[in-house]
Each structure stands twice: as C-alpha cells, then as structure tokens.
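Asker: What follows is the residue order along each chain.
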Amino acid sequence: MQPLLEVADLRAHFFTRYGVIKAVDGVSFEIFPGEIVGLAGESGCGKSVTTQCILRILPVPGRIVSGDIRLQGESLLDLSQEEMRDVRGGRISIVLQDALAALNPVITTGRQVADVFQAHSPVPWKEAWQQAVDVMRAVGIPKPEIRAEHYAHEFSGGMQQRTVIAAALICKPDLIIADEPTTALDVTIQMQILNLLKQAQQEMGSSILYISHDLANIARICERVMIMYAGQIVEIGSVRDIYSSPLHPYTRGLMACIPPMEGERHCYLPAISGSPPDPLMYPAGCRFAPRCAEAQERCKFESPPFNSVGDGRYVRCFQD
Amino acid sequence: MKTLRRLATNRLAAAGGVAVLLTIMMAICAPLIAPHDPIDIHIPDRFAPPFSGGYILGTDEVGRDVLSRIIYGSRVSLFVATSAVVGAVLVGGSIGVLSGYFGGWVDTILMRIIDVLFAIPTLMIALSVIGLFGRAMTAIIFALIVGYSPLFARVCYSGTVAVREQLYVEASQAQGASPWRILRQDVLPNIFPLIVVQMTTYIARGILAEASLGFLGLGVQPPTPTWGTMLTLSREYFYHSPTLPVWPGLAILVSVFAFNLFGDGLRDLFDPRAWQAGQ
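In the order they appear, the protein sequences are chains A and B.
Each residue of the first sequence is one higher than the last, beginning at 2 in the working numbering.
Each residue of the second sequence is one higher than the last, beginning at 33 in the working numbering.
Everything labelled a hint here was simulated from the structure, so no lab data went into it.
Predicted model, so just to flag it, every value in this text is computed and none were measured.
Hints are not guaranteed to be accurate.
To be verified - Now the stretches of chain A that chain B is said to cover, found in silico as 3 or more residues with beta-carbon under 8 Å:
(1) 104-112
(2) 125-137
Unchecked claim - Incomplete in silico selection of chain B near chain A, CB under 10 Å:
(3) Ala47
(4) Pro67
(5) His68
(6) His74
(7) Ser126
(8) Ser160
(9) Leu199
(10) Val201
(11) Glu202
(12) Ala203
(13) Ala206
(14) Asp218
(15) Pro225
(16) Asn292
(17) Asp303
(18) Arg305
Here a beta-carbon is modelled for each residue, glycine too, at the ideal position from N, C-alpha and C.
Extracted from the complex, chain A is given alone in its bound form (with noise of 0.2 Å):
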C-alpha cells in the first residue's frame, strides 16, 4: 500500500544568533490512509517543528535543510506557496493546542470554519455557511446554527476546541494532524475529544497524525507510536508492542514512569534521571546516552543507525 504521507530524513534547523539548532534532526517515516499515528515526546523535542514542515509553515530562522515530505507520492517542497495553500487545510489540517487563541476573538466561529471552506473551494458565502453549520452539528456543537453566530470567548474549553476541529474537518482533509489538541482540557471532555477525532477518521477516512505527551491517550486512540527524542525519533511500532516491551532504553524509561495501578500505592514514581540536551549542542554519539543507564563506550562516539527490528519496528540503539 503507498503511504499517505511519507517524511524522508527529515532535517529542519533554526539559525538562531547562538548558533544553530536542529530542533528536527533526521525524521523518518510514514502514515498510511486510515491510520492513526502518535508521536510522543518531551516538549522540545522537535514535535510542532515536524509538523510546520510538513505544512510548510516553519517560522523565521527556521529552514528545511534536507529531506523529504511527499503526500500521495508528491513531494511538498517542491510545490509553490500557492500550491501548498491548497494542501493546508484542504488536504492536510491542523488542530492546535490551544484551542480559544487558535480562534479569531472578533470574528464569530462560524464565519472563521466557513472562511477554511471558501478558501478552498469558490462557492458562495452561503452555501460556505451552510457547510459550516452542518460540520459544527457533525461535532457535537448543540445548536449550532445559532452557535455560529457567537463568538470564540462564548464557547466553552470543549466547544472551542470542537469549533477548531470542525475547521480542521471541513475539507475532509486525507490527513489531520491533532497537536496536543486535548492538553488544554479536563479529563472528561478529552475522552469525547478523542472519540471524536476517532469517529472522524473512521467516517471520513482521513489519517491523523496524533501528537501527544500524554502517552495513555496515544494509547487510547493510536494504532503505531513514534517516540521523539532530541531531534530524532527513536522508535516506531505497534502501540500494543511498545507499550509491552520497549525497546529503546528512552521509550523503556518513559514507560516506567506511568503509575502502576496495582502494588504499593505510597512510592515513588521512576523518573529519568537527568535532562534531555541543549538543542545547540548534541552530544557527539546517541543523544539519548549521557542520560541513558545502558550506555556502552561507543554509545558516546557513534551515532546508532535506525534500525529496523522486523515487524514493522524501528529503533535508534545499539543493542538488538
């Protein structure tokens, strides 16, 4: 099957005064039609950088160095601006953290989940309205032909977020990428925020790339996972194989810091000790190995290729 979207060693990098920084330092790897893929990693790690590229959005001093990004075989950075401006939010969405200052304060929300219809397809401002009001009810915004009519601050955390999903599924876009897109929430409405971008896919067929650090809710939706360290991800693999048996020793120390449910209720949870290094200068071998309790004396010197371990597994480590 070809993959919907695949990145190639992916390398953006911010030339900042300081020096520069490889906020994404070699990213591979590929979402297929229909699937739900999560990426999860520390903040920093280079997470929102992979997705600006893949839009193209990456702000100033930041550049793609090399690699690769093609959506259905095609690759993006070869496409013109207004090329691209057909992918964003037409074929590839975003649904940003931050759902009240995703949203225009002084434009009512049906007008700003219309306006992503009209700059995508020349029809009229009312048949756009229309779509609007029909994708706002397809979220769960109670009465929303009403509920267009008002404005971002009216909504409630959920409903805001609602309102930014339904701008981001108005295209019916092959791919949504969710970026942190429950962070904001309580518990309850990122449950119904989950099974609603779950519904979504299953409805529309769009892919969705889920990024997350909470690694229970990529559980809860995603099929494979792709863990992010510095820059880099360092493993790739069925959510069912890496929540039972990581691999790399990053994703294994992760894990280890979700509370156990059962046994001694008053100890202390395993953190990974230390911190994850200064973007301006990585360490010479694996990034992950001044911080790593495996780490061999080559660890230090040489980068450890990413390997593929059969099964559709991936991972960034020297041992098998």
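Chain B: place on chain A using the hints.
Answerer: Using the frame of chain A, we list chain B on its own:
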C-alpha cells in the same frame, strides 16, 4: 440594530454619538438652518450683542451673523478634519499594516522615515506644506494628511505586529489562507478598534489644527467662515465685544469632546469581549 443598541447602553458614548451626528447634520443642512447669509456684511448692525435685532448670537465686526457663521464654519472644520484623517488612515495605515505584516528591509526603511516624520510636530509639517502649496483647502488637507500619516502608520504597525504573532494567524496560515485573506480576516478586524479610536481622536485634533492654522492666518481664507478664523478675528475685538470669541471656541470644544467620547464608545463596540452579557 444590535450594534446601535450596544452603543446606546454606554451613555457617554451615545451622547457623543448624538452630538457628532448633530454636528454632521448641521454641516450638511447649513443653508437650510442658517438664519442669515454667513458672508453678508451689514455694517450698521456690527457688534450686535446676542439676542438683539434678530441675531441670536450677535454679529461680528462687520455685522455678519455669528450663528450663521458658526453653522457654515462646521462645514470647513468637519470636511478638513475628516478628509485629513481618512486620508491619513489610508496612507499611513496601509504603510503600517503592510510593513507590520510582511516585514523586510523596504519596510524597515519606510518605518524609519515615518519615525523621522513623527519627530516633527504636525503643525510644523503643515506650515511647510502650506508654504509650498499655498492656502487652498486641498493644501491644508494634504498638509494634515502628511502630518497625521506617521501616527496611523505607527499604530497600525504595532497592532499588526502584535496580531501577526497570535496563534490564530498561524492557524489561518495552516488552514491555507493567503496573506491577503489573513490581512482581511485576522489583522484588520483585530486592529480596527485601535484605528477607530485614533480616527475619532484625530478628527477632534484635525478640527483643532484647522482652527490653529486659521488662527495663524494660514487656514481657509476669509470670507469663508471657519471656526479657527472666527476665533482669530474675534480676538482683536475681545475688549469691545467679549462674547464674540466664546461661540467659535464653544463650537470647537463641543465637537472635539463629542468626537472623543464617541471614539471611546466605538472601541468597546468593536470588541466582542467587552460586550456585556445579554446584549
């Protein structure tokens, strides 16, 4: 209708709005409501006190009816002030918004020029422009456009820069909006309140500036009545007829105040977050 009702709940702004409307009506309907011809000289009746001989506000040094001159004067004052401000918004505002959104070195240079203009007092700029082009009304308007553009450029520039950094602009970009769509849907609606408030304040200032130029003898030339020239001329006869400068002064004061109040109200009107529940 909703908008009007919202404005009505802010009493000061509503009062300002009504006063602004009345001033505009007065300017438009001047020939209908003015009791006399504003430039008709009537030497025998000169310096008539208020409420005498059919002159409600009295007459000036050559016997012209003061009330009629105030009414007609509003035409010049309002026309000069509003066209200067609208012109300045178009010129300065566009420079500011485009520089703020697109950045780049051309815009840096444009904004530095604006900064230089900003350092020179408006009246100085106006004086030099009038010196170059003469005292026609168009020259005065042009002078004020030059003088006020830097301010609107600055306001729009800083507003645009602030809006550009907002997440909803990034969201629009990620949804495939073109730069023009972003300017129209995200930038302009969000900086509009800033512009409107500045506009009303500067219409008020424009009225004052026109009056100041008139006072310096550089405004619209006699016998056309303007509030500024009326004030200047009446100064000379102040000891003889002390009420004479009061009327144009009062007209300037009331209209400036009205525009200021109205502008404050408009700012709240254009910000949905400032609306009270149930409106």
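Asker: Verify the interface restraint on B/Asp218: the C-beta must sit less than 10 Å from at least one C-beta of chain A.
Answerer: holds (6 Å)
Asker: Please verify that hint: B/Pro225, Cβ, nearest Cβ of chain A, below 10 Å or not.
Answerer: holds (8 Å)
Asker: Can you verify the interface hint for B/Asn292: is its Cβ closer than 10 Å to any Cβ in chain A?
Answerer: Violated - the Cβ of B/Asn292 stays beyond 10 Å from chain A, reaching only about 23 Å at its closest.
Asker: Closer than 10 Å between Cβ atoms is the bar; does B/Asp303 clear it against chain A? Give me holds or violated.
Answerer: holds (7 Å)
Asker: Interface hint check: B/Glu202, Cβ to nearest Cβ on chain A, cutoff 10 Å. Holds or violated?
Answerer: Since the shortest Cβ distance to chain A is 7 Å, the answer is holds.
Asker: Close enough to count: is the Cβ of B/Ala203 nearer than 10 Å to one in chain A?
Answerer: Result: holds, 4 Å to nearest chain A Cβ.
Asker: Closer than 8 Å Cβ to Cβ for three or more residues is the test here. Does the region 104-112 of chain A pass it with chain B?
Answerer: holds (count 5)
Asker: Go through the hint on B/His68 and say holds or violated, using the shortest Cβ distance to chain A against 10 Å.
Answerer: violated (48 Å)
Asker: Does the CB of B/Ala206 sit less than 10 Å away from some CB of chain A?
Answerer: holds (5 Å)
Asker: Per the CB criterion, is B/Pro67 less than 10 Å away from chain A?
Answerer: violated (46 Å)
Asker: Are B/Ser160 and chain A close enough, Cβ to Cβ, to be under 10 Å, as the hint says?
Answerer: violated (39 Å)
Asker: May I ask you to test the interface hint for B/His74 with respect to chain A, counting a Cβ-Cβ separation under 10 Å as satisfied?
Answerer: violated (55 Å)
When held up to the earlier numbered hints, the structure conflicts with 2, 3, 4, 5, 6, 7, 8 and 16 and fits the remainder.
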